[in-house]
Amino acid sequence: MDAFDNFLTGTVTLFSDPLGILIFFGGVIGGMLFGAIPGVSMLTLAAILLPFTAHLSAEHGIMLFSVIYCTGVYGGAITAILFNIPGAPENAPTAFDGYPMTLNGQAGKAVGAAVMCSAIGGTVSCIIMMLATAAIADWAISAFGPPEIFALVFFGLAVAASVGAKTFWKGWLSILIGLMVAVVGLDPVGGIERYDFEMPYLLAGIHFIPTILGFFAVSEIFVQAEKKVVGSYVAPKMGVEFPTLKELLAHKIAVIRSIVIGFFCGILPGIGATLAAFMGYNEAVRWSKTPEEFGKGKLEGVISSETANNAATGAAMIPLLALGLPGGALTAMMVGVFQMHDMEPGPLVFINSADLVWVVFAAMFFANISIIFIGFLETKTIINLLRIPFQFLAPMILLLATVGAYAVRGLTIDVVVMFLAGVIGFFLRRSGYSVAGIVLGLILGKIGEQTFAQAMQMLHFEWSGFFDRPIALGLLIVGFITLGGSIYGAFFKTKPPPAPDTAA
Amino acid sequence: MGNLRTGHLVEGALWLTLCLFLYGYSFEFERDIEIYKFGATAWPRTIILLMAIAAVGQLIHHWKYGDGTASNMISAAMDDGAEEAAHEAHHESLGWYMATFALLAIPFIYMRVPDWIAGWISAEGTTLHILRLGFAAILIGVFLTQMRRNMVGAILALPLFFAALLEDMGFYALAPFFIIGVMYLFGETRPKPMIAIMALIYGLLMTLFVKVLFVGLPVGNIHPFYDIGSWVVTVLQ
Chain A
1 MDAFDNFLTG TVTLFSDPLG ILIFFGGVIG GMLFGAIPGV SMLTLAAILL
51 PFTAHLSAEH GIMLFSVIYC TGVYGGAITA ILFNIPGAPE NAPTAFDGYP
101 MTLNGQAGKA VGAAVMCSAI GGTVSCIIMM LATAAIADWA ISAFGPPEIF
151 ALVFFGLAVA ASVGAKTFWK GWLSILIGLM VAVVGLDPVG GIERYDFEMP
201 YLLAGIHFIP TILGFFAVSE IFVQAEKKVV GSYVAPKMGV EFPTLKELLA
251 HKIAVIRSIV IGFFCGILPG IGATLAAFMG YNEAVRWSKT PEEFGKGKLE
301 GVISSETANN AATGAAMIPL LALGLPGGAL TAMMVGVFQM HDMEPGPLVF
351 INSADLVWVV FAAMFFANIS IIFIGFLETK TIINLLRIPF QFLAPMILLL
401 ATVGAYAVRG LTIDVVVMFL AGVIGFFLRR SGYSVAGIVL GLILGKIGEQ
451 TFAQAMQMLH FEWSGFFDRP IALGLLIVGF ITLGGSIYGA FFKTKPPPAP
501 DTAA
Chain B
1001 MGNLRTGHLV EGALWLTLCL FLYGYSFEFE RDIEIYKFGA TAWPRTIILL
1051 MAIAAVGQLI HHWKYGDGTA SNMISAAMDD GAEEAAHEAH HESLGWYMAT
1101 FALLAIPFIY MRVPDWIAGW ISAEGTTLHI LRLGFAAILI GVFLTQMRRN
1151 MVGAILALPL FFAALLEDMG FYALAPFFII GVMYLFGETR PKPMIAIMAL
1201 IYGLLMTLFV KVLFVGLPVG NIHPFYDIGS WVVTVLQ
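Protein chains in written order, with my numbering: chain A, 1 to 504; chain B, 1001 to 1237.
I should point out that these hints are in silico values taken from the structure, not numbers from a laboratory.
These figures come from a predicted structure and were not determined experimentally.
Idealized CB from N, CA, C, for every residue including glycine.
Be a bit skeptical, because a hint or two may be false.
[What the hints assert, rightly or not] Covered stretches of chain A (chain B as the covering partner; in silico rule of three or more C-beta atoms under 8 Å from a C-beta of chain B): (1) 183-197; (2) 402-409; (3) 413-425.
Extracted from the complex, chain A is given alone in its bound form (with noise of 0.2 Å):
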């Protein structure tokens, strides 16, 4: 009862604050409308926020961000649909079915379920953090070291090399560019220099931001444009038709199974709602009777990622609150905004702020419900978006990705990364990459290595620590079986080619 009576007095601090209300109302509206927006996402809204949250309470400050993180996951969801530019990663899986839906004219279905499913994956996430989070964390805590969480996300990216791309391969390639870029920097042992070609400027790395800008945004407006050069450009279908309760009951398992996998990838430092998306998303096809149907249009797909993603929000905040581990983009800029108020997000922050956590809580909670009914009403406005002629639009998606890549450090080679992440990712999709495994490559690249690093360095050195520790041998088993999985398939289920093009 305990939880119950904190959420209610964490609700009534919320709702008795008219400061506090505007800014959860802002930030449900402004995270679905920037994740919503064709080139800009919740991330670019809360990068442009970072500075002005030190004008705010602490509490209005974290408040405000998690209700961006509830939101702009979904809004993120719309552009991955309608225009297959996810607003986020954790977006990516929801457009290989998402988009072939709205090109078959079904796009108010397929955004019904991702508004039906977000708020179911990301209530019922929110309603077990608050009931569990302490043991959660306890959990968390000892049975995940480095070697686990390295085990994880090499699980992560076994998987992920067989979404998205033309053949196994190329996935795999995919994420190893992603890799590499993760590799420019600084490592993160010695401090010592790689790859910074004597560029003060890469010193730093390669900021995910505007690569992720350039990736997805960038590079669907160059392939926009060459077919419209080409006139293969055909503007997608429009239709409001959202699923009824009988579609969504039918996919109770499907709901199930990612709010459980969402919930476990979000509550693990580092991972977040982008794995839990593409898991969610890959255990439907594992799952399903009918896997040949994914990629095409297939409903569960969308109801699979989003509701995994969603699922993971609620459980990101564990790891961050409790430990002081982001998991993800977001809950990074969220220490940001901590440690502007001269506080560390930790277990201290239970004791010395249990207002702030139970305030932080319950915003999550009603964003989460409020995805249902302002998703709705805004959603219909954002398909509105689809009948601006492109050649309007694309100066206004390049115009607002430039300014969300400029706005992150104030740079303007952060412009020129981001343009020249867009021209690469547009070479790559010709020939049939995967940018989402690249991006997933960059962001998983890091905690990697420095998980991988950590964990030799704890268990002396000897590759037979991995023996001893139970989970995380049992992650490398099940990633060298996908691994194993997807080169069978590479060269033994492999469809012959199409006829020979004798034009060519």
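Guided by the hints, dock chain B onto chain A, whose structure is given.
Showing chain B alone in chain A's frame:
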């Protein structure tokens, strides 16, 4: 040769060349770390090795199956139409790639060459600014003459050129031209809608980011662009 095409060989060669380059460069930072016996090179070299294996695997795949796809892949990349559009546009020839990379070189020429020349002739201050403006004018001229021959290449190069010019000319002065340029390259040729949409986009962005959110955007550092940027900021704030 199996199902291998020239494009597959070029792709494989590019990957292996990249691996060789990255491996060679890794000797630049091959230093011992007292507390970590693998040093700073083990992780990147492992990635490079895996990259080389994957590149060879990809070549074998192309040799055996051409552009075939494994049935256990979830290939969103195939469904976005990027490959088909490139094929339909005949943008797969060496000539197209050469023309595109020539356009893409323009922003990088602007970012590097004026500084090299300024270094040789010890130009600074106003002289350096005039030199940069002169280079910008020449390169814009080259871009305008080349863009009609390769519209897709121009769309790829224009944002990079815009980004390269941002530091000197600022966001506020360049954005209107950039908006019109993108609209034109996307096929819009009617002047009135172009100007109206440009004013709308520019006004919305300025209001949201400069007036409401107080985001500091680059104002440029060359007159009169710096003055224009500062004036816009003063008016809005």
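Going down the list of hints, with the structure as the test:
1. 183-197: holds (count 8)
2. 402-409: holds (count 4)
3. 413-425: With 7 residues in contact (Cβ-Cβ under 8 Å with chain B), the coverage given for the segment 413-425 of chain A holds.
Against the hints set out earlier in the document, no violation occurs for any number.
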